[in-house]
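Starting from the known structure of chain A, arrange chain B on it as the hints suggest.
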Amino acid sequence: MTLKTDHYVINIGPQHPSTHGVFRLRLTLDGEVIIDVEPIFGYLHRGMEKLAESRNYTKNIPLTDRLDYLSSMINNQAYCMAVEDLMKIEVPERAQYIRVIMAELQRISAHLAGVGFFLNDIGAFMTPMLYMFREREKIVELFDMVCGQRLNYNYMRFGGVAMDLPEEFLPALKKLLNEMPGFINEYDQLITTNEIVLARCKGVGVLPRELAINAATAGPVLRGSGIEWDLRKKRPYSVYDRFQFDIPTGENGDTYDRYMVRLEEMRQSVRILKQAVEQLPDGEYIGKAPKLIRPPAGETYTAVEGAKGELGFYVVADGSENAYRWHVRAPSLINLTALREMVIGWKVADLMAIFGSIDIVMGEVDR
Amino acid sequence: MNFRINPATAGEAINREFGTGTAAADDVRLLVDGKRLLEVCRWLKDESPYRLDYLNSLTAVDNKTHFSVVYHLSSLAMGGQLSFKVDLDDRQSPSLPSVTPVWRGADLQEREVFDMFGISFTGHPCLKRLFLWEGFPGYPLRKDWVSRDS
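Those protein sequence lines, which keep their order, are chains A and B. Quick note on numbering: the first sequence equals residues 20 to 386 in the working numbering. Quick note on numbering: the second sequence equals residues 2 to 151 in the working numbering.
It should be emphasised that the hints constitute simulated quantities derived from the structure, not laboratory data. A few of these clues could be false.
Said to hold, decoys possible - With beta-carbon atoms standing in for the labels, derived distance ranges:
no. : chain 1 : residue 1 : chain 2 : residue 2 : range
1   : A       : K307      : B       : P138      : 42 to 48 Å
2   : A       : P309      : B       : W146      : 28 to 34 Å
3   : A       : Y27       : B       : N3        : 45 to 51 Å
4   : B       : S121      : A       : K69       : 17 to 23 Å
5   : A       : D265      : B       : E135      : 45 to 51 Å
6   : B       : S94       : A       : R261      : 23 to 29 Å
7   : A       : N30       : B       : N3        : 40 to 46 Å
Glycine residues also receive a C-beta, built at the ideal position from the N, C-alpha and C atoms.
Next comes chain A alone, as it looks inside the complex:
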């Protein structure tokens, strides 16, 4: 007897715990094997780029918080750097260090959330995530100290930051930095050699080196495929050239390598933070910037190494109070370019692992 088989189309999302927000994947299956995938975007599209054209430059800072809402500080920094570049505003030394401290703390917390949700996706439901959130909470409390917010910080300004560090900040940060390597070792022990994690991740969803570059992936996805590329090192901005740190890379470009890169990057961020705290100079926390931000006509593309990859702001100024064009190079969106090649041939259950390891935030994908 012959069985008649047909391809089967299934929707994952828009509401699905593994899509990290409102995102839809239209899968074509042959049995359990994925033979085609079509990502469907736009469920969280808020028209930010249009909105930004009708608001003045300062009002757009809180808008950047709402891009990748797990790394608001880095978004703030990238946008402020873009406008500072247009207006040639000098940022004082101390402000630069405070920015680096915030960005690196944010990177750790974003990677914690990324790894936590990733483990959720491969079936280690909630327990690892709560371990991650135990430390993320400490970082969030530090942010709460400096700006009174636990999410969407709106902390940076053109020329510096909104407020100086409060007295209790540095002792709390130093305590966290002393404890953090121990916590990271703990995750390492619990996850890295776990048999189930190895079975689910090793060799799964391989992104070859050439494709990683050609598809313009960035951040841990690019580095997981073995490419040593980190804007903090390759195009040092702010004061990153004063710190010693390594760029962790993977070898095979599989799901496991992307996880390992994130774990190692947390260690490197702790290293940067320790040096930044040691070197933190006294002085002004905000430089001289005009009250009314009206950059001369011109344009800039300013990129930083965000938690998800290269986060760039392309801003065109026409001499008025509003930006003429305001574009975000969103790493979360562009990292999805190669999703097709990564998931085809794998089973539906592997899709969650592969998709989780790309680590996207819908606020940035859809904008």
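Below, chain B alone, put in the same frame as chain A:
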């Protein structure tokens, strides 16, 4: 290792390779002729001394009289950076060759430009709206777009 490629030098090199008039450049800007775009991009990536293998960003600007599509490129191997623009005078049915065959990274970004500006990219593997739905009236990032609510 990180440096900005001088647009004027790059423009001269392009003109030498593809004939005068393909590129126009001064020290800050580089304009490429839209008709030769695909060849120029292939050359920039594979044959030119710059080896621009990485497309950082692709987006467009509506300059009211014309559209500009802006390309930001890098070389991960050589470290150089170059950006160039292509001007499109046709506001009725603006169209450019797609660079997705050269850099896969352009795939979603060209779809976004198509969605927001209505610039179509010929040769794109799947050119449809990225964020907005089929049948959405107009292209919102054009300067002459009017919202139905206002």
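Hints versus structure:
Distance hint check: the CB atoms of A/K307 and B/P138 are about 46 Å apart, consistent with the given range 42 to 48 Å. At roughly 31 Å, the beta-carbon separation of A/P309 and B/W146 lies within the given 28 to 34 Å, and the hint holds. At roughly 49 Å, the beta carbons of A/Y27 and B/N3 sit within the given window of 45 to 51 Å. Between B/S121 and A/K69 the C-beta distance comes to about 20 Å, which sits within the given range of 17 to 23 Å.
Separation of A/D265 from B/E135 is about 47 Å and conforms to the stated range, judged on CB atoms against 45 to 51 Å. Between B/S94 and A/R261 the CB atoms are about 52 Å apart, so this pair departs from the stated range of 23 to 29 Å. Hint check: A/N30 to B/N3, Cβ distance near 44 Å, so the stated range 40 to 46 Å holds.
Checked against the numbered hints listed earlier, the structure breaks hint 6 alone; every other hint is satisfied.
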